[in-house]
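Trainee: With the hints as constraints, model all of the structure from the sequences given.
Listed in order, the protein sequences are those of chains A and B.
Here the first sequence is numbered in UniProt numbering, starting from 1 and rising by one per residue.
Here the second sequence is numbered in UniProt numbering, starting from 1 and rising by one per residue.
Derived by calculation from the structure, the hints in this document are not laboratory data.
Take these hints with a grain of salt, some might be off.
Identical copies go unnamed one by one, so any copy, or any two together, can satisfy a pair.
Stated by the list, open to error - Below, in silico cross-link-like pairs of lysine-lysine (DSS-like), each with a Cα-Cα straight-line distance of 25 Å or less:
1. 162 to 178
2. 51 to 276
3. 276 to 81
4. 216 to 81
5. 49 to 81
6. 154 to 49
7. 178 to 49
8. 131 to 178
9. 216 to 51
10. 131 to 154
11. 125 to 216
12. 202 to 131
13. 164 to 195
One-letter residues, chain by chain:
2 protein chains.
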Amino acid sequence: MDFELRILGSSSATPSANRHHTAQVLTIGNQYHLLDCGEGTQMQLMQYKIKYQRICNVYISHLHGDHYFGLAGLLSTMHLKGRQLPLHLYGPPGLADILSLQLKYSGTNLCYKLVFHELDTTVHKKIFEDKTVSVYTIPMEHRIPCCGFLIREKQKPRPLIKEKLPSFLTPPQLVRLKWGEDIRDEQGNVVLHNKDVTMEPKRSRSYAYCADSRYKPALLPYLRHVDLLYHEATFTDELRERADYTFHSTAKQAAELAAAAEVRQLLIGHFSVRYKDLTPLLEEAREVFSKTELAIEGSIFCIRE
Amino acid sequence: MDFELRILGSSSATPSANRHHTAQVLTIGNQYHLLDCGEGTQMQLMQYKIKYQRICNVYISHLHGDHYFGLAGLLSTMHLKGRQLPLHLYGPPGLADILSLQLKYSGTNLCYKLVFHELDTTVHKKIFEDKTVSVYTIPMEHRIPCCGFLIREKQKPRPLIKEKLPSFLTPPQLVRLKWGEDIRDEQGNVVLHNKDVTMEPKRSRSYAYCADSRYKPALLPYLRHVDLLYHEATFTDELRERADYTFHSTAKQAAELAAAAEVRQLLIGHFSVRYKDLTPLLEEAREVFSKTELAIEGSIFCIRE
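Mentor: Written out as structure tokens, the structure reads:
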């Protein structure tokens, strides 16, 4: 099953002609999760031929415009194109008020169900789960209420080694073996050790999305060992004071978090428009954490099982 | 003095990867007037290297998202880039509420003065004037309150024919001649006929912007003899019923209005995304009114004096 991230925008607060505001699509199987939705996201989705009606959940980190000003337009287009599936929207307090007002004045009565889930951005909490993944908030440290998101595949079943399976096993016992249990007799004695007839399950993949935040080492417990970590890196470390003052991070700080959390790969993004060339940001991060990439428009990051 | 229109977007409700939502910049001398501001307008302004801080007035025709979802982002970028000049915003009821809510939740206190002018979209009324131009609303017929805008240069002074001017004229008399008056003696008798010592003034140019509207012949008095008329043309005439039902116009209807109003040039825009090739729309309009052009992204229309 795919677990693939597509970057739609890499720019911080002010965009440029060729750098878009933050938005990312995480594809898990045939479901699309949209992380933030800066201005122009619907056009970026079209640009990359992403079937936007497949988006099931939208997560908005905070209410700075560069992270959500594309949302009302996307919701409208979904409506005009006859969407039927419900859409679940996770965002901070205020987002529902703003969207409701926009819909009211445009005289729009959405043809699909928009389910709003108001987030407490100050806590780490499960906000969604289905049979495949769980999604959690990660509290950020920004000028206004802001949270990141951790998307984690659920534990996967242990593959059975068919040639080693005794013939007496019933279907419910096979299910229990898949989920790691031993088989016991009526007295509770183990008659079949799980590890003798099953293999290790496939890895449960994870993605952590951290935008926007001042450098916050307290994030570490949430990020530990994730496969892919996106962390904003608005500035190079030369502007560390400015980063701190504006509640943003430097490329070096993002890399320090990645190294401390022992993640598999780091993506940096949300670049200040002052950096025409992003090489200094990438080099700075790679000095601390070599497995760093730039989260630029159109790039795709696949996490394998 | 320049009187020049730049098109930033040509798409109706749903955009495509290369067709943007409605926005136009009218340059009059060194002042920029922005007409509508669909999603992505700020990036289009950057794309065409238009100095957006020179925009003095923004006019929003109505509160369908494809005409204003780029406004909050543009206002934010003006703020982040340290704008100092006031910005005047003309729009229908509701716009101020929406923007205020967005600014509140983003914790933004604009560093420049934003002056909101709420419009009565049902009347033809002067809403702005300076020493150069007057701007009027034009009531449209759409699903929600909507008006177009007529921008008209003020009457220009009559150039004096220096070699014909008698030496007895005082400075105030020269000013009166420039504005068309004859010179009279104390008894009221004409001692100098204006037309003997002045020339015809340069033309006062005009632009009428009509988006969005069902075909509405009652617009004619407002559009008569304008230099440049923009009129939406969402559909070809084959879909006239659909145009009527959705309160839009066809290319043929736009051309019929242009012909009846005897305008100099017609621009059509706001094209439905179903038209990958716009030739049928252009040909249909030109059959009725030959001086028609497509208002597509990046095109410039200059009105000469």
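Trainee: If a hint holds in the structure, say so; if it doesn't, say that too.
Mentor: Results for each hint:
{"no.": "1", "hint": "162 to 178", "verdict": "within (12 Å within a copy, 102 Å between copies)"}
{"no.": "2", "hint": "51 to 276", "verdict": "between (31 Å within a copy, 19 Å between copies)"}
{"no.": "3", "hint": "276 to 81", "verdict": "between (37 Å within a copy, 17 Å between copies)"}
{"no.": "4", "hint": "216 to 81", "verdict": "neither (42 Å within a copy, 27 Å between copies)"}
{"no.": "5", "hint": "49 to 81", "verdict": "within (15 Å within a copy, 33 Å between copies)"}
{"no.": "6", "hint": "154 to 49", "verdict": "neither (29 Å within a copy, 49 Å between copies)"}
{"no.": "7", "hint": "178 to 49", "verdict": "neither (38 Å within a copy, 61 Å between copies)"}
{"no.": "8", "hint": "131 to 178", "verdict": "within (15 Å within a copy, 81 Å between copies)"}
{"no.": "9", "hint": "216 to 51", "verdict": "neither (35 Å within a copy, 38 Å between copies)"}
{"no.": "10", "hint": "131 to 154", "verdict": "within (8 Å within a copy, 68 Å between copies)"}
{"no.": "11", "hint": "125 to 216", "verdict": "within (18 Å within a copy, 55 Å between copies)"}
{"no.": "12", "hint": "202 to 131", "verdict": "within (15 Å within a copy, 74 Å between copies)"}
{"no.": "13", "hint": "164 to 195", "verdict": "within (11 Å within a copy, 111 Å between copies)"}
In summary, the structure is inconsistent with hints 4, 6, 7, 9 from the numbered list given earlier, while agreeing with the others.
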